[in-house]
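S.K.: Take the sequences, apply the hints, and build the full model.
Going line by line, the protein sequences match chains A and B.
Residue numbering for the first sequence follows this note's numbering, beginning at 36 and increasing consecutively.
Residue numbering for the second sequence follows this note's numbering, beginning at 5 and increasing consecutively.
None of these hints come from the bench; they were simulated from the model.
Heads up, the beta-carbon is just placed ideally off N, CA and C, and yes, glycines get one too.
The reader is advised that the hints may include incorrect statements.
A short list of chain B residues far from chain A (calculated; beta carbon distances all over 10 Å) [what the hints assert, rightly or not]:
hint, residue
1, F26
2, D110
3, E139
4, D156
5, A190
6, P201
7, D208
8, H358
In silico contact screen, one side only, chain A against chain B (beta carbon under 7 Å); selected entries [as the list claims (entries may be wrong)]:
hint, residue
9, V47
10, G48
11, S49
12, G50
13, E53
14, A54
15, G66
16, P91
17, T92
18, R93
The calculated label-pair distances, taken between Cβ atoms and stated as ranges, are [said to hold, decoys possible]:
hint, chain 1, residue 1, chain 2, residue 2, range
19, B, G135, A, A69, 21 to 31 Å
20, A, D42, B, R235, 32 to 42 Å
21, B, R24, A, D77, 50 to 60 Å
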Amino acid sequence: MSRVVVDRDRCVGSGSCEALAPSVFEVDDDGVLALLRPEPADDELPDVRDAVQACPTRALTLAD
Amino acid sequence: MSLDAAVPAVDLDGIDLSDRDFWLRPPAERHAVFDLLRRQQPFAFFAEPDIPMLETGPGYYAVTRHADLDAISSQPAIFCSGQGAVSITDMPADLNEFYGSLISMDDPRHAKIRRIVSKAFTPRVLERLVGSVQEIVDDVLEQARRTAQAGDGTLDVVADIAAPIPLRVICDMMGVPDEDRDLVLAQSNIVLSGGDPELIENQDDPLTAFLEAGMALAGVMERLAAERVERPREDLTTALVTTEVDGEQLSHQEIASFFILLLVAGNETTRNAISQGVLALSEHPEQRARWAADPSLNRTAVEEIVRWTSPITWMRRTATQDGELNGQRFTAGDKFLLFYAAANRDPAVFRDPHVLDLGRDANPHFGFGAHGPHFCLGAHLARREIAVTFRELFERLPDLEVTGPPDRLRSSFVNGLKRLPARLTGAR
Numbered sequence: 036m037s038r039v040v041v042d043r044d045r046c047v048g049s050g051s052c053e054a055l056a057p058s059v060f061e062v063d064d065d066g067v068l069a070l071l072r073p074e075p076a077d078d079e080l081p082d083v084r085d086a087v088q089a090c091p092t093r094a095l096t097l098a099d
Numbered sequence: 005m006s007l008d009a010a011v012p013a014v015d016l017d018g019i020d021l022s023d024r025d026f027w028l029r030p031p032a033e034r035h036a037v038f039d040l041l042r043r044q045q046p047f048a049f050f051a052e053p054d055i056p057m058l059e060t061g062p063g064y065y066a067v068t069r070h071a072d073l074d075a076i077s078s079q080p081a082i083f084c085s086g087q088g089a090v091s092i093t094d095m096p097a098d099l100n101e102f103y104g105s106l107i108s109m110d111d112p113r114h115a116k117i118r119r120i121v122s123k124a125f126t127p128r129v130l131e132r133l134v135g136s137v138q139e140i141v142d143d144v145l146e147q148a149r150r151t152a153q154a155g156d157g158t159l160d161v162v163a164d165i166a167a168p169i170p171l172r173v174i175c176d177m178m179g180v181p182d183e184d185r186d187l188v189l190a191q192s193n194i195v196l197s198g199g200d201p202e203l204i205e206n207q208d209d210p211l212t213a214f215l216e217a218g219m220a221l222a223g224v225m226e227r228l229a230a231e232r233v234e235r236p237r238e239d240l241t242t243a244l245v246t247t248e249v250d251g252e253q254l255s256h257q258e259i260a261s262f263f264i265l266l267l268v269a270g271n272e273t274t275r276n277a278i279s280q281g282v283l284a285l286s287e288h289p290e291q292r293a294r295w296a297a298d299p300s301l302n303r304t305a306v307e308e309i310v311r312w313t314s315p316i317t318w319m320r321r322t323a324t325q326d327g328e329l330n331g332q333r334f335t336a337g338d339k340f341l342l343f344y345a346a347a348n349r350d351p352a353v354f355r356d357p358h359v360l361d362l363g364r365d366a367n368p369h370f371g372f373g374a375h376g377p378h379f380c381l382g383a384h385l386a387r388r389e390i391a392v393t394f395r396e397l398f399e400r401l402p403d404l405e406v407t408g409p410p411d412r413l414r415s416s417f418v419n420g421l422k423r424l425p426a427r428l429t430g431a432r
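M.R.: Printed below as a string of structure tokens:
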């Protein structure tokens, strides 16, 4: 099972991840990133990988 | 097949990226120079342009490879922004802060303020704005058609389409009243004029013109901020005057600076993505037809337009220590200009980089900045504005036809068009 890990010191709440994988990531009204599904389903993984790749501050990792 | 794929013959002798006239050359020529720099001198060193009344500094490295640019951008502790990110010449500290705001700020201060303002730019907040972006685009395009029909069928893509859309969006977000918007547009044009003689009359004293433009924008903000303290509303200005960072409120000057940043950044960038996007589609009619027929291309097409146009050509970083990067030694104080426009055509990353492909799938372009804390705050908003604008252009102005070459802004910093003549073939 792959798991998304957020480095809170790096995240600036840009929401790039949410734009690519809205079922997994959501920046809340306080600008804080919430993980809606820390362990994404298999069919979500391609979008999640894009989101990890696109994160401008490299705050996201996908751990196996 | 792209016209830009036919690379003009250039050599690096006599190439000076600090020469303002270089930036008036057609994009294909500029990209041919970037291609050579990337291959032959990936850290080419240039003398700084002279600006009257400021001390000319030691020069800068022009970074053109995608990998080098990303390495610099993603190590903000070694390559900082606080000594100025938007100007080659070092500006006096107060000016730097006034015009640069978040862009010319480093952590921890940058991170704190960024978190406040990023709340207003998340995908979900923007979802609530979709209606208003759509309304604004519809309205602007209908007005453009009326303007063309009332005259001889001609219009200016910049003044009639590309400029008013982002201006109205950002002014709505900030709560800037209608009567101030002409002033906002005119002054933000001066701030990002790059000294273009059409916008800066007194070429011996561009600084005064920049300062006066900044003061005029700050004046609008001071008044708005005071009004929102009295009567809060649902807008970004209210958020800025009421939010605290670690128990500390933003000062009036910080708010004014941020306001200038948002107005200028929100206006000039999206405007040029739209105007140069229209130009690109007119030069590549097969791509235009492809996108017009297939809305599912929106996502990749918008990214490709941003890669292709790279509205902001560069940002600056300054080394905080001595070191080495991919074979290049540097010392503390060295300046690096990150040429996003060049990285966005790097063949090490992009297949057929000089081909416009609206379906391009892997597209890790730096049109919104490279990795790092300064990544464009308004990226989601810009994507939305560009997507809605092109969809509605296909729908409402399908007969729009570019009729002549654009007038380019003489600026190394903003890849801008001042005018793009066009007509509606169905207007007469």
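S.K.: For a quick check of understanding: which of the numbered hints are violated here, in increasing order?
M.R.: As far as the earlier hints go, not one is violated by this structure.
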